[in-house]
Amino acid sequence: MSDTMETQKAAPKTRMAKLWDSDFAWSFRHSPVAVIASLIVVILVLAAIFAPLIAPYNPFDPATLNLMNGFTPPGTPNAFTQETFLLGTDDQGRDVFSTILYGLRISLFVGASAVLLALIIGVVLGLIAAYFGGWVETLIMRIADVQLTFPAILVAMLIFGIAKGITPPEYRNEMAIYVLIIAIALSDWVQFARVVRGAALVEKNKEYVQAARLIGRGSFPIMFRHILPNVLSPVLVIATISLALAIIAEATLSFLGVGAPPTQPSLGTLIRIGQGFLFSGEWWILFFPACTLLALALAVNLLGDWLRDALNPKLR
Amino acid sequence: MSLLTIQDLTVEFPTRRQLFTAVDHASLSVEPGEIHGLVGESGAGKSTIGAAVMGLLERPGRIASGQIKLGGDQISGIDAEAMRELRGKKISMIFQDPLTSLNPLFTVREQLVETIQTHLGGSEAEANKRARDLIDRVGIPDPDTRLDQYPHQFSGGMRQRVVIALALCTEPDVIIADEPTTALDVSVQAQILDLIKELAQERQVGVILITHDMGVIADTTDRVTVMYAGKVVESGTTAQVMGQPQHEYTRSLIAAVPRPTLKLHRFPQISYGGRETRFAVEDMARHWPKVNNDASKQLFEIRNLTKKFLQKRGLLPWDRTYFTAVDDVSFDIRAGEVFGVVGESGSGKSTVARMIAGLYPVDGGSITFDGQLVSDLGNRAVQDEYRKNIQMIFQDPYSSLNPRMRVDEIVAEPIRHHRLMAGSDIRRRVDELLDQVGLGSGAGLKYPHEFSGGQRQRISIARALATQPRFLICDEPTSALDVSIQAQILNILKDLQEHLGLTMLFISHDLPVVRQMCDRVAVMKQGQIVETQDTSDLFLRPKTEYAQELLRLMPKLDDLSTDGLGVEEE
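Residue numbers (my numbering), protein chains in the order written: chain A, 681 to 996; chain B, 1322 to 1891.
The following block holds chain B by itself, in its conformation from the complex:
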């Protein structure tokens, strides 16, 4: 018999305008020792299922129909007191952000012992022993000292291990893990997923793993349920769903996943739910100033770049301590190429991008653009000319557009600032740009909040292209987007590069994305470049140990269906 059965579950959120159905007649079941993946894009209702099982639906959400059964007993619709008994004891949960799911005011021991004693009773000594065993089991070294530390003394990955120990401490039957590794680096992600896999086997716990990441699904889960707009579209063993997807939506989703082993010409545009929008790069190219991209020419020469951040303030210079974010970094960017920088969080890759963009002053070294020294921010004339030629696309489409400015004002700002046009010409140009990025010229009269994440990123692109720059910095441009939207945006960036002859600096932590986008890649670690190579060489023959390690930890995705992918010759 299944551990957890969800039958025909419908969850509704009545709002004052309409009834929003977050989950629509979804069914799934979890067996002991099985990891059941729940995958879908944002808004698909996957987290709502998790919340419904936990009895943690936020008001005014309610279960409209269907049943949730735990080991044969119905748990949907039972009163709050009974649910509270179950929660934490029979079902527990692992959240996305380990920083907020632990109480910062209590030591790890106190939190574990309290939970164990509340649910299992027993003496404090027993609870203590159990806590120590668990901490040891989840792979935290030196459990005796670590137990008496506070959550802030742990790193992100270690903290997530503590959360897992906390979830396990009452011997639950089912664990719901909601995006457990999204906030973590790739190397840590792999370890945490392995741990969850091992523990599920060892203790015969059923795990529901909620994620948007196909790589996590492919590597970790036994069975998978694919959701779209509240409905279950496909369900089956992971190998079967990933390898031979039956439903059109699953196929479009899998096709949009960037592969580390294949370089695609463009992502196939299988539109599902009518979300495809035209991006008229050819129209744009017609009015674009001709650039002569001589591949032998270096557009950027970056030499010995260094950036230090103040860590401890002090009145006297010798009282201050600094943290070196970028340490003696040198590389060249050739005209017309896409140059990638990869690294884990904190490796300094974004700092490099911001120094090149002139957002941070450099503390040492030089940046030369087209023969001009541009790292001296004091030289106004050079800076003005330079700023017309470079633009940036930011990571978070929700914070990169001023929420109080109308879209046409946002796109017009660079044109107005550089006085490239005047009067009605500006309006025509803005309408044209918005039309070309596929938003329609009517979009200018709206505010950013009226658009989805992908559409906002298109607005960012329109703004970046307004001054007809030669160089575009993309700082994790798709890491906040759903995979199908990511495919669209990556296609647009490739089009831009090809048709407009743009040179790009592409910053990312996501190796498969880098594989699709970049001609050459620099791998950064702790502020330094450890390796610079042609992309295909890096993926086939990494020279340094660190690059090999990064590649090894990357989800393999070999089992994913490759139907309809246009692979590029290399």
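So here's chain A without its partners, still in its complex pose:
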């Protein structure tokens, strides 16, 4: 009762002020981990978006490359050209800082798109399974179970392999990124489907769903207008944690050489290139992309953890 009284008092507040005052925002402000993690994510995302503006060189424009700049250590002038590079250069003389910014772009794009695709597939199939039940549910959930018995990376490699076989060679490099997205999404939808099905089974039996059926609403309006908004919070949590996993999955695939092509290197590709030089003394080629990947994955994961706690009323 005290709650209602308070909202009435606080009615004239603006939307932003209300949001700032909400329990959700409060829990965010009082969690240093969440604040730092989101700061890191925001900085990395902005760096990726504005890579062409920030990067001092365009590492993929052959005209700006100078092979003489190869293997310049970070922060020291090159022996021949006297140029300095913040994080050094690789064997081709590409600025490592610039390649990281462009690589981050690819990694984030692939990761986010893959999660979005997995989310859409998983949520739709999970909702359908929960709402209709019967053989539809059995079919969808058995497919999910079978898929879970294969390691995700194996599934992704399989899909990637098939896709490579059926795309014409001239498009292969262009298509690689999209194939990567589909491969990761198809290996990741299962957990969305499972969580959505579980939550939707609970919601389905609540009286508001019966009230909607009583009015005469059809199955799809009930599923998407009524049930979906009520199962979104766990989905949001999984999506955040999946984002970190998808970025790592992409890096793994690229590291194995089945991911992003060298013409559009992601962080994983950079790490693969770098690991060849690790023991010959040029550690920076591997070290800085690896650190960026680590920071990104860790920050996103911590954010996901915090989100899970903040959205769980039992832990508050």
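Careful: at least some of the hints might be erroneous.
Here are the simulated lysine-lysine pairs, DSS-like style, with alpha carbons at most 30 angstroms apart [to be verified]: (1) A/K884 - B/K1846; (2) B/K1618 - B/K1633; (3) B/K1629 - A/K884.
What the hints contain is simulated information worked out from the structure, not anything from laboratory work. Just so it is clear, the structure is predicted and the values come from calculations on it, not from any experiment.
Let chain A serve as the given structure and place chain B on it in line with the hints.
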């Protein structure tokens, strides 16, 4: 000397926005062998007192001032270790839900023996003997076999008996029973309350019985303390408080209790704490399509209705087993009447309501509405027309409104779906409806969680009335509400029936409520109707044994004050 004394107890819950005082300078005392009732509506702080005595206040709650004394020793503010010693030994507790207060992984014997040995020591044989005696004493038949069973093998009432045995096994001085019978059926409730009463006498234990149910208070307790918003408003012997309530709040509370012996025209609206809100049924009636309720006409004809639920799945038809929830039920509902269905949980009354609402397909029999067969869900045209004419009010106001939809969207949904209006007309109509149910038109912009239980039930009513139906199904519409809010909602339903000429099907387990609301009643037991009668006849001259039994177990409430009640002539 009193067993347990609570003096000037204040319990606070600091939250980040404000300091919430759950209990405000409350005092009470319990004598040996006495049952002390603690009554109040939800949020009154009665359970918080119980938790404070047990030392089980949930963080960040704290005792801000006052003392709790057990037999002369102060027990508030002692350290956690000392409290743990006391808890279970000197004070024990009976919770509302017997399903969650027993450990499902241990047999009843293991749980009893462990508790006895922890607190009283002694050999295992002694503990075993004691456990057997207790199980026998709380009235569980065949104690030797039952002891080695797991909690899930007991029914709800039997399980609560086990919990009582567990609470008694260390010879405590005080037992705190927090809503011990709320989760149980009326027939079981009476037995459990009798058992608590007997045991309190026999062992000279002081019992604090926390409940919201005035019937339980009137039948069971010796003394009673009435709480409102954390404060004790009135305290005294049960006969005195129930019979001649002094405080205005107690009076309003007692007046709102439905009586099995009297039929009221309307519940008196004694508002306390400014909670009364207007319900403008006359405004609504002005725009309502005129219905011609010819009382001789049957609006519903329900014939041989049957519903079976799959109990065990199987690939082949003969591997499946079914549970018959509704078995060959037939009745008629006359136009303009309120038809009640009563029964205990599991009697199939809600299933009947859901079949009539078209939420469950029927497995046998037919439902005819106004001459149209409506039990065939495949006939789209008939179904569409039928759905405009029937609506339902659900039991749980916390789950019957979609928490992610704004209130105006919720109320507008039936209008939009049936395309009864378009554009700005819908908004006007929704505002009007919300205003008429007493919420104010500004309510549309809020979400359901911003409203209290009673207000939510009003939103449900607004949604149900949006299509201007002729027939309303009420499935336990007030059983989740406090008694004063229940009185308001029942008044609203009566107004609706009277002014709008609505026909209603009223499902309830609560006989006094049925007495107030219904013209005719069907009594259901295990999926079948055992008796259908006019309400007044049922209460005065029940024909079947089962109906007599139900009426006998109902709390009598004869001692409750009848001041200011408008009794209806019959």
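For the pair supplied as a hint, B/K1618 and B/K1633, is the alpha-carbon distance within the 30 angstroms limit? Violated - the C-alpha atoms of B/K1633 and B/K1618 are around 42 angstroms apart, more than 30 angstroms.
Hey, B/K1629 versus A/K884, does the alpha-carbon distance stay inside 30 angstroms? holds, 20 angstroms
Do the alpha carbons of A/K884 and B/K1846 lie within 30 angstroms of each other, as the hint requires? Roughly 28 angstroms separates the two Cα atoms, so the pair holds.
Of the numbered hints given earlier, the model fails hint 2 alone.
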